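Undergrad: Letter by letter, the chains look like this.
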Amino acid sequence: MAQDLNQMEKQLEATCWELLQEVTDPEIPVISMVEMGMIHQVRVNSGIVIVEVLPTFVGCPALEIMKKNITEKLVEAEGVSEVQVHFVYDPAWTSDRIAVDARDKLRSFGIAPPPLDFKPGDSWEVCCPYCDSPYTQIENLFGPAACRSILYCRHCKNPFEALKPIY
Amino acid sequence: MADMVRVETVEQAKQNQEYVQALADLLFQLADDDFILAYRGSEWLGLAPHIEEDVAFSSMSQDMMGHAVMFYEMLEALGLGKADDIAQLREAKDFRNAILVERKNGAGDYNDNPHYDWAYAIVRSYVYGLHKQVRLEALLQSSYVPLAQVSRKMLTEHRYHLMHWQVWLNQLANSTPDARHKLEAAISLVWEDAGELSDLGPNAEQIVRYGLIAGEELLRQKWLNETKEIFKKAGLNWPGEPGAASERGRAGEHTVDLEQAVATLSEVYRIDPAASW
Numbered sequence: 000m001a002q003d004l005n006q007m008e009k010q011l012e013a014t015c016w017e018l019l020q021e022v023t024d025p026e027i028p029v030i031s032m033v034e035m036g037m038i039h040q041v042r043v044n045s046g047i048v049i050v051e052v053l054p055t056f057v058g059c060p061a062l063e064i065m066k067k068n069i070t071e072k073l074v075e076a077e078g079v080s081e082v083q084v085h086f087v088y089d090p091a092w093t094s095d096r097i098a099v100d101a102r103d104k105l106r107s108f109g110i111a112p113p114p115l116d117f118k119p120g121d122s123w124e125v126c127c128p129y130c131d132s133p134y135t136q137i138e139n140l141f142g143p144a145a146c147r148s149i150l151y152c153r154h155c156k157n158p159f160e161a162l163k164p165i166y
Numbered sequence: 000m001a002d003m004v005r006v007e008t009v010e011q012a013k014q015n016q017e018y019v020q021a022l023a024d025l026l027f028q029l030a031d032d033d034f035i036l037a038y039r040g041s042e043w044l045g046l047a048p049h050i051e052e053d054v055a056f057s058s059m060s061q062d063m064m065g066h067a068v069m070f071y072e073m074l075e076a077l078g079l080g081k082a083d084d085i086a087q088l089r090e091a092k093d094f095r096n097a098i099l100v101e102r103k104n105g106a107g108d109y110n111d112n113p114h115y116d117w118a119y120a121i122v123r124s125y126v127y128g129l130h131k132q133v134r135l136e137a138l139l140q141s142s143y144v145p146l147a148q149v150s151r152k153m154l155t156e157h158r159y160h161l162m163h164w165q166v167w168l169n170q171l172a173n174s175t176p177d178a179r180h181k182l183e184a185a186i187s188l189v190w191e192d193a194g195e196l197s198d199l200g201p202n203a204e205q206i207v208r209y210g211l212i213a214g215e216e217l218l219r220q221k222w223l224n225e226t227k228e229i230f231k232k233a234g235l236n237w238p239g240e241p242g243a244a245s246e247r248g249r250a251g252e253h254t255v256d257l258e259q260a261v262a263t264l265s266e267v268y269r270i271d272p273a274a275s276w
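Here the protein sequences come in this chain order: A and B.
Take 0 as the starting number for the first sequence in numbering that gives the first Met the number 0 and just add one per residue.
Take 0 as the starting number for the second sequence in numbering that gives the first Met the number 0 and just add one per residue.
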């Protein structure tokens, strides 16, 4: 019996991860919160699902929307009686957590992904998400969201955004 | 003699009332500093020198307010009331922010001829930010593990705030004589209050004894050394030892500016504290 229950919870946990693939970042709708590396853990305990989320930026106003979207999505699943979303800060979210194959999706949305393996002291060089030119300049460190900056491509003359390296 | 403990959870903290008291005293300082300065930043909305700056400054203020929320939530976890109530229902005398962050943005009011001082905004944000950097770094070693964890997160974000203000400082320092003059006047003004930033309040001894944060003198020296370096690189004269206002914000003494800020920021909340947002 106990083993069956355990098996069921494992299954429900897997279902939750699948469903979370459909919950997108409200400000970047092409990429899921799982791909953003923001889902730290999913635990199931007698029908109660606990999702641990790592915020990209603490002051992000989208956090409450994410919480709501996660809850609404998971509560649909069979066997779920309650959904709790906890924001946790250990481990801290870093931009290397973004899934490698999600980086192209960001580009297609006009957002340059953050550099991989960024270290303190490295200079932040950004290639244009449209034409891949490195001939770009930062126009504003803080764009429409704290996690993004506004840049301008001097090659294809397009403005674009870039996700800041967080390390 | 530091009572070096490692407190992993809020339940563990609550086993020692003295520890809780020292922790709460420190959290109020951290929260109120960020909250009130973020509020002053929000008062620049629509008034910053250009639209890009407007976007950037509001974004940073929002982020800083997010940091304040985290500290208020830690106070809530300690059993000191709801985070929103702590932020919005206290009177000015219950705030523990340094006087520097409560000063108005300049002449006039937000809705009535705001002749705000942009140079003051730059210098205040930057000098405060440099101190916050030192403070967050010190908090990484805090005996209260949850506080060390959130500080680590805040540091990753805060460095971008500093980069932003550094650009402005350098630009003004190397611009026209008028810009330079305004910048120097702003430095003098900020310097009248800045010395209070590393004040840990009347309970400083306990705060340090319990290993919650490094001592005042250490914080102060590190912060002054870094600020000195930055002023030097920008070609600015070092203004010497920073002073402190006659009121001591860390002890709950404040100027009328804070009363105005608290009244304005909590006006809507006070109409119906039970409303769901």
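These aren't lab readings, by the way, just hints derived from the structure by calculation.
Predicted model only: the values in this text are computed from it and were never measured.
Please note that a few of the clues may not be correct.
[Stated by the list, open to error] List time: in silico DSSO-like cross-link candidates among lysine-lysine, alpha-carbon distance up to 27 Å:
1) 81(B) <-> 118(A)
2) 118(A) <-> 181(B)
3) 118(A) <-> 227(B)
4) 104(A) <-> 156(A)
5) 67(A) <-> 221(B)
[Claimed, not checked] Cβ-to-Cβ under 10 Å is the rule here; a few derived chain A residues that face chain B:
6) 42
7) 45
8) 46
9) 47
10) 49
11) 89
12) 91
13) 114
14) 115
15) 132
Even glycine gets a Cβ: it sits at the ideal position worked out from N, Cα and C.
Undergrad: List, from low to high, the hint numbers that the structure doesn't satisfy.
TA: 1, 2, 5, 6, 7, 8, 9, 10, 13, 14 and 15
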